[in-house]
Amino acid sequence: MALRDAHGPYFGDFGGRFVPESLVAALDELSDAYELAKLDPAFHEELAELGRSYTGRPSIITEAPRFAEHAGGARIILKREDLNHTGSHKINNVLGQALLTKRIGKPRVIAETGAGQHGVATATAAALFGLDCTIYMGEVDTERQALNVARMRLLGAEVVAVKTGSRTLKDAINDAMRDWVTNVETTNYVFGTVAGPHPFPEMVRDFQKIIGEEARAQMLELTGALPTAVAACVGGGSNAIGIFHAFLDDVDVRLIGFEAGGEGAETPRHAATITKGRPGVLHGARSYLLQDEDGQTIESHSISAGLDYPGVGPEHSWLAALGRAEYRPVTDAAAMQALRLLTRTEGIIPAIESAHALAGALELGRELGPDAVILVNLSGRGDKDMDTAAEYFGLYDGEQA
Amino acid sequence: MRTVGEVIARRNREAGGALIGYLPVGFPTLDESVEAAVALVENGVDVLELGLPYSDPVMDGPVIQAATQQALQNGFRIADGFEAVRRITERTDAPVLIMTYWNPVVQYGVDRFADELAAAGGAGLITPDLIPDEGADWLAATERTGLDRVFLAAPTSTDARLAKTVEASRGFVYAVSTMGITGARSDVDRAARTLVSRLHDAGAEAACVGVGISTAAQVAEVLEYAEGAIVGSALVAAVAEGGAEAAGRLAAELARGTRPQ
Numbered sequence: 001m002a003l004r005d006a007h008g009p010y011f012g013d014f015g016g017r018f019v020p021e022s023l024v025a026a027l028d029e030l031s032d033a034y035e036l037a038k039l040d041p042a043f044h045e046e047l048a049e050l051g052r053s054y055t056g057r058p059s060i061i062t063e064a065p066r067f068a069e070h071a072g073g074a075r076i077i078l079k080r081e082d083l084n085h086t087g088s089h090k091i092n093n094v095l096g097q098a099l100l101t102k103r104i105g106k107p108r109v110i111a112e113t114g115a116g117q118h119g120v121a122t123a124t125a126a127a128l129f130g131l132d133c134t135i136y137m138g139e140v141d142t143e144r145q146a147l148n149v150a151r152m153r154l155l156g157a158e159v160v161a162v163k164t165g166s167r168t169l170k171d172a173i174n175d176a177m178r179d180w181v182t183n184v185e186t187t188n189y190v191f192g193t194v195a196g197p198h199p200f201p202e203m204v205r206d207f208q209k210i211i212g213e214e215a216r217a218q219m220l221e222l223t224g225a226l227p228t229a230v231a232a233c234v235g236g237g238s239n240a241i242g243i244f245h246a247f248l249d250d251v252d253v254r255l256i257g258f259e260a261g262g263e264g265a266e267t268p269r270h271a272a273t274i275t276k277g278r279p280g281v282l283h284g285a286r287s288y289l290l291q292d293e294d295g296q297t298i299e300s301h302s303i304s305a306g307l308d309y310p311g312v313g314p315e316h317s318w319l320a321a322l323g324r325a326e327y328r329p330v331t332d333a334a335a336m337q338a339l340r341l342l343t344r345t346e347g348i349i350p351a352i353e354s355a356h357a358l359a360g361a362l363e364l365g366r367e368l369g370p371d372a373v374i375l376v377n378l379s380g381r382g383d384k385d386m387d388t389a390a391e392y393f394g395l396y397d398g399e400q401a
Numbered sequence: 001m002r003t004v005g006e007v008i009a010r011r012n013r014e015a016g017g018a019l020i021g022y023l024p025v026g027f028p029t030l031d032e033s034v035e036a037a038v039a040l041v042e043n044g045v046d047v048l049e050l051g052l053p054y055s056d057p058v059m060d061g062p063v064i065q066a067a068t069q070q071a072l073q074n075g076f077r078i079a080d081g082f083e084a085v086r087r088i089t090e091r092t093d094a095p096v097l098i099m100t101y102w103n104p105v106v107q108y109g110v111d112r113f114a115d116e117l118a119a120a121g122g123a124g125l126i127t128p129d130l131i132p133d134e135g136a137d138w139l140a141a142t143e144r145t146g147l148d149r150v151f152l153a154a155p156t157s158t159d160a161r162l163a164k165t166v167e168a169s170r171g172f173v174y175a176v177s178t179m180g181i182t183g184a185r186s187d188v189d190r191a192a193r194t195l196v197s198r199l200h201d202a203g204a205e206a207a208c209v210g211v212g213i214s215t216a217a218q219v220a221e222v223l224e225y226a227e228g229a230i231v232g233s234a235l236v237a238a239v240a241e242g243g244a245e246a247a248g249r250l251a252a253e254l255a256r257g258t259r260p261q
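If you read the protein sequences in the order shown, they are chains B and G. All residue numbers for the first sequence refer to full-length UniProt numbering, where the first residue is 1 and numbers rise by one. All residue numbers for the second sequence refer to full-length UniProt numbering, where the first residue is 1 and numbers rise by one.
Hints may contain errors.
If we take Cβ atoms under 10 Å as the criterion, some of the chain B residues that face chain G in the derived model are [to be verified]:
| no. | residue |
| --- | --- |
| 1 | D28 |
| 2 | S31 |
| 3 | H44 |
| 4 | L47 |
| 5 | I104 |
| 6 | P107 |
| 7 | G165 |
| 8 | S166 |
| 9 | D171 |
| 10 | I173 |
| 11 | N174 |
| 12 | R178 |
| 13 | H283 |
| 14 | R286 |
| 15 | L289 |
| 16 | D294 |
What the hints contain is simulated information worked out from the structure, not anything from laboratory work. No residue lacks a Cβ here, since even glycine has one placed at the ideal position from N, Cα and C.
Let the hints inform the model, and build the full structure from the sequences given.
Shown next, in the form of structure tokens:
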């Protein structure tokens, strides 16, 4: 079977539906609605039209020659999901799920968010479709991504700062699931990544796979060949699966996911789930996760709120187990250097999440040599990260040494 | 030792039904949680439900979250759960079920967990995030050890799913009273009555209602139609405020709801 044909609820030993019974009816309803929508040309046409006239699809590719000079001479080509409306790939998935919400007939959506990109995208879709919207965001993340909190509120969403546990993305998911259990009759959960219970890993992947479908054709047109390697950052893994998917059965194309190495994957402070974790059950699916001996989830650490998650989507765990994709850690420091390097060499400010993929591409280029062509998913833009970057690089007046 | 099923059946013959009390292990300490659990039984709780603190308790409301988070900060380990079961069953004859999210069992090893729970004198597991569809390993372990397996049923569950849940469950079926997470509510949802009736139609011998029950009057109301009433957050709040003694006092009050009217 072609790897691209894999679907839920299981990807090898991973995936499934480890949820309270109270959610099963809602997940079944969503699965059924999605299965019907998949077969309905009108759904695909409506989604494609939103992509064209609202998101700005197809997103372009941009070659980055001055950046690539630092990558051993390899060619580096960026897939520009940062140019999408709302500033990241998250809008692709949200528009699909918002259309499904309308089909199911529920008036309210909820979502979790880490960096705020998925929260902003969901709040945007809610404004566009006239849905009530509540976004759960860890209190730590509301502080480091204050701009996105303001954007969501301006869009009319209620933003709930989650104060439990590590007060980051995993706890935001817990509270969103609690909301869903309580309000399931009126509410659809617009999940932001390829993790969670079935049908989310498959459905979110399907809404994101357009990234790789476009990029594969664009690469063939630009270079006349498929890329040597495809690089993407991996938190939950939606932008990575989105760009990997079209290449899964192109066996000569290496697929590399770059996880958040935080202060170093050899330290306790990282979010390198596949690199350092082991299989377990979290947030409704069996997948790799960071956990202690007792199965208690370990708090992850990353300078990037969007990658600061101790789990990962089950399809990634499966691809790692198969050896079809590789997963490596990139430290906070390497990501921040890559962020500044792309900004200075190409005039493109990436999100800190995407900067992990850029740092990975620099490393890959040096390994693969000057004949390599590396496609990088530039999954989001860095506007939201200006405060973090300014603090990190000492860019505010009065801070410079 | 008497099984959960036997205790619930007996309490339905001699009283209005069974009172099931929940407390988390290790809150505020392991010793105090054992004392509180024993106090519940001494004051009329028929079956104990001991919760294992877990980092990501998606079915729990703020009271239980706060208690279990404190237990984790105090260094709770999964092995403490077996220790608590052992100490409680040495001092009381009430059956003790463990309530646990699924990942700790997976990581401990499903068979190893079942063996140690049985060796400690435990009656079985209540699994809030394990549905029978994903429970093949657990069903096999319970067939081998004789442990009970309590699955949850919800007002939104289809008839087909209720039938599957009833068939998979042993001990009782946990009927979630309302759509929501744990925590006291002023009105136990009318949906509970309908759900229990549907569970009986699906062949359930014992359906016990949990989530939102905090008073003797609610216990009495639930026992009009269900075989058992489960109280959690209210007891945890009592432990937080006044330790084992306060939990015992509340249990005695709640147990009045089990007396024939």
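Do the hints match the structure? See the list:
no., hint, result
1, D28, "8 Å, holds"
2, S31, "13 Å, violated"
3, H44, "29 Å, violated"
4, L47, "28 Å, violated"
5, I104, "14 Å, violated"
6, P107, "16 Å, violated"
7, G165, "7 Å, holds"
8, S166, "9 Å, holds"
9, D171, "8 Å, holds"
10, I173, "8 Å, holds"
11, N174, "5 Å, holds"
12, R178, "5 Å, holds"
13, H283, "7 Å, holds"
14, R286, "8 Å, holds"
15, L289, "8 Å, holds"
16, D294, "5 Å, holds"
Violated hints for the displayed structure, listed by number in ascending order: 2, 3, 4, 5 and 6.
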